[in-house]
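*Asks:* Model the full assembly from the supplied sequences, consistent with the hints where possible.
The sequence shown: position 20 = 58 (this note's numbering), numbered continuously.
No false leads were slipped in.
Straight-line Cα separation of at most 30 Å, DSS-like style, residue types lysine-lysine; simulated pairs:
1. Lys183 / Lys237
2. Lys237 / Lys172
3. Lys183 / Lys172
4. Lys183 / Lys245
Calculated from the structure, these hints are not laboratory results.
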Amino acid sequence: MASLTPEDKREEVTAAAFNDGMINGAMAFVPSLAGLWLALKNPKFRQMTNGQSRTAIAIMPPLFIFAVTSEQKLTHRMHEVAEVNEHNIQTIAWAEKKKTASKDDIHLHDLYRQSIVESGVRLVDTPTLSAYQKSANFVQGNPFKCIGAIGAPAVGYIFYGQGGKKGGPVESFTMRLLHTRVFGQFAVLCTLLGVMGMKEVMDRYGKYVTEDEINERIQEMEETRSRLMTKAEYQAHLQRQLSRAR
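*Replies:* Written out as structure tokens, the structure reads:
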């Protein structure tokens, strides 16, 4: 049985998890600094804290976000790699049976391609994916990140907008929070419906892939088949050696 998380994918998965953690940590660093800047306006906060504690307040939230998101990305990518490899192994077994059962000369390459196309993907005619197609694939794989990335700035913008125009009446902080809560809930709810609706459509019709991506999957299947055949031949050779020794 071939490994569902092969060694050759380790660097790719690790790099993806690290990059995702760095991006999310950098995004969390901005509100962390903004919160510290607002807190420093309070004289009591300045008296109760020193440089080390303030640095920790600014750094620890981004580090926490980095650790959590990179771990989640690592687990998610490992599951994706395992699913792809499991599909490759099942396709190889199906293609071998079909090749044996058919009297015609059926090429494994065509069988592998047929399996990928029928697995729930949408093949595009262009050599690369458009911005919309890449965004749709990202929404399908990261719905909650999209909700957070859209909802959090929207709530912040609503809170900022409730400060009143220059020269106009200034609302109290309590009223700004109340209005932000009402309008923010509506904005987040609309974002949730939009993102999850997009994910449902993508789950139903499949993600967008190019011909090059399909060829890469076919190459992985052929390499997996080669490894399986080599392992099977080696095990058969050992079995023959043991039989002769007896």
